[in-house]
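> Just need the whole structure built from these sequences, with the hints factored in.
Position in the sequence shown (from 1) plus 11 gives the number in this note's numbering.
Just so you know, not all the hints are guaranteed correct.
In silico lysine-lysine, BS3-like type, Cα no more than 30 Å apart, as pairs [stated by the list, open to error]: (1) K93 / K103; (2) K155 / K104; (3) K164 / K144; (4) K62 / K160; (5) K89 / K57.
Here are the simulated distance ranges between beta carbons [what the hints assert, rightly or not]: (6) K103 / K247: 49 to 57 Å; (7) I238 / D106: 50 to 58 Å; (8) Y16 / T237: 36 to 44 Å; (9) N153 / K57: 18 to 26 Å; (10) L233 / T110: 34 to 42 Å; (11) K103 / S159: 30 to 38 Å.
If you are wondering where the hints come from, they were derived from the structure by calculation, not from laboratory data.
Predicted model, so just to flag it, every value in this text is computed and none were measured.
Built from N, CA and C at the ideal position, the CB exists for glycine as well.
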Amino acid sequence: KNNGYFNSLIYTNDRVAFIPPYAFDMFQMQKFGNVPDIKDFNTFLKEKTPKFCVLSFERIHNEGCDAKGCFSKDEYFKAIQKTSNDIKDFYKKIDLDNTLTILASDHGFKVLEDKTHPHFQPEKNSGRFVTDKTTKTFCCINYKHLPSKQINKMIRSIDIMPTVMDIIGLPANIAQGKSQLVLIKNSSNNNINNYAFSLTGWGADSPWNPNCWAIRTDEWKLVKLTIKNKIFSMRKKIIYMLFNIKEDPNE
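Written out as structure tokens, the structure reads:
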């Protein structure tokens with residue numbers, strides 16, 4: 012914003028307490044569906060460049076809520092297909108030759124072929140576990156000046172913003188995380204992270220009140236879990252779990 016960008020956030024969920032409204036010139040919270048075809052986005056497109064916008068595609072989250080956190084594989088892939096169509100409609104609205112887009116998700120989701128499977132464990136929609144199936148996501152950066160490649164190394168969500176700032180020529184060191192532009196340009200470069208941190212509300216606890224933490228390297232993951240004592244509610248039991256990710260990828 013201080014570098015002349017018109018900043019906008021258009022969000023379809025109430026989970027934005029952690030986002031400072033003062034950072035945006037346009038801050039909209041509303042239930043407009045899943046496709047950014049509302050007047051606020053059209054207003055944003057008319058603003059003079061340069062501009063920056065955060066949009067949320069909530070179809071998978073919303074349909075997961077309707078399924079009460081019990082996605083079957085078929086339900087999940089149907090929601091994925093609908094979201095793909097939403098994104099395709101979005102791309103039709105913007106000038107891709109002069110736009111850098113970042114498509115990412117905040118967490119994964121546990122699905123099974125059959126909900127009646129005896130080992131089926133429904134996962135609530137805010138990522139209640141810290142297993143790789145939940146914490147590993149994707150990030151697709153599309154820009155005509157970047158090479159086309161796939162990077163299968165450990166990148167953190169906090170690395171996205173400094174990477175974007177580095178790409179557009181702004182100081183990357185004022186944001187949390189580390190720019191991965193060098194890695195994008197040269198996949199053999201070792202400028203990668205040594206660790207990644209995650210936290211959530213496991214079991215009945217809310218993600219707003221985390222009780223499960225994990226720190227991960229390329230080879231190991233250490234998990235700390237605190238659970239309430241069934242007899243003495245004021246006491247908590249602390250459990251540590253250490254996983255060798257390479258030898259035990261399913262944890």
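> Provide an ascending list of the numbers of those earlier hints which the structure does not satisfy.
As far as the earlier hints go, 5 and 11 are violated by this structure, in ascending order.
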